[in-house]
Amino acid sequence: MSTRLRHDRRDATVLAAIADELQKSGVTLIDSTTHIPEHIAGVGVLGNVQPSQMQSADIEFGWPLLSQNVAMHIGQCIAVREGDVLAVEAIEGTAALIERAGSLCKKTGWTLLKTAADDHDMRADVPSIGTETIKQVAAAGCRCIAVGTGRVILLDAPKVIAAANDAGVALVGV
Numbered sequence: 001m002s003t004r005l006r007h008d009r010r011d012a013t014v015l016a017a018i019a020d021e022l023q024k025s026g027v028t029l030i031d032s033t034t035h036i037p038e039h040i041a042g043v044g045v046l047g048n049v050q051p052s053q054m055q056s057a058d059i060e061f062g063w064p065l066l067s068q069n070v071a072m073h074i075g076q077c078i079a080v081r082e083g084d085v086l087a088v089e090a091i092e093g094t095a096a097l098i099e100r101a102g103s104l105c106k107k108t109g110w111t112l113l114k115t116a117a118d119d120h121d122m123r124a125d126v127p128s129i130g131t132e133t134i135k136q137v138a139a140a141g142c143r144c145i146a147v148g149t150g151r152v153i154l155l156d157a158p159k160v161i162a163a164a165n166d167a168g169v170a171l172v173g174v
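Residue 120 in this note's numbering sits at position 120 of the sequence shown, and the numbers go up by one each step.
Just so you know, these hints were derived from the structure itself, not from any lab.
Some clues are possibly wrong.
Claimed, not checked - Below, simulated DSBU-like cross-link-like pairs (lysine-lysine); rule was C-alpha separation at most 35 angstroms, straight line: (1) K159 / K106; (2) K135 / K159; (3) K107 / K135; (4) K106 / K135; (5) K159 / K107.
Work out the full structure: start from the sequences and follow the hints.
Quick look at the structure:
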C-alpha cells in the first residue's frame, strides 16, 4: 500500500489501497449503492419543478465540462449560469462551492451539476445530495440541480425530491 501512496495521494487511490488491504484480510468492500437502488438518481426530471430553457441549456453546456473534471479527478460538481462556469469543486467540497457560486451570482437561477466519473470506485466517496443540500442551494440562488443518473445518491430520495419541489428547485437526472 505505501508504494502506491508515495506517488499518488488522491482520495480514490487512498480508498483503493485501503480496500486492497482489507481484501487481504478477507474483508470485501462492495459498491455502496448496491442495496439502495431506490435512492440512486434516475433519469429525467425527478420532481415537479421543470428546468427552464436557460437551465436546460446550462446543463447541456456544463455536462461535458463536468465529465472532464470528474475524469481528471478534479471534483464532482460545478456551478453554471448562462453558459458561464461560476465555480468548480475541488478539495473544499460541494457546500463551499455552493456558497461561492451564490456569492458570485447575485441573480438567482444558476445550475448545480454533480456526478461521479464513469470509472469511479462506487465503494466509497459516492456523490450525494440531501435535504440540507437543497436548503443550501435554494438560499444561494440555485434553481436547478442536474445529477448523474446512477452516479449520485439522493439521501432519502422522497424527502430530497419533496424538498426540491418545496424550494422551487428543478432536480434532473442526466
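Results of checking the hints against the structure:
1. Pair hint K159 plus K106 holds up; C-alpha atoms about 28 angstroms apart against a cutoff of 35 angstroms.
2. For the proposed pair K135 and K159, the alpha carbon gap of about 12 angstroms is at most 35 angstroms, so the pair holds.
3. Distance restraint check for K107 and K135: the Cα-Cα separation of roughly 17 angstroms lies within the 35 angstroms cut-off, and the hinted pair is therefore satisfied.
4. Annotation: proposed proximity of K106 to K135 holds, straight-line Cα distance about 17 angstroms (limit 35 angstroms).
5. Between K159 and K107, the direct Cα distance comes to roughly 27 angstroms. Compliance with the 35 angstroms bound is thereby established for this hinted pair.
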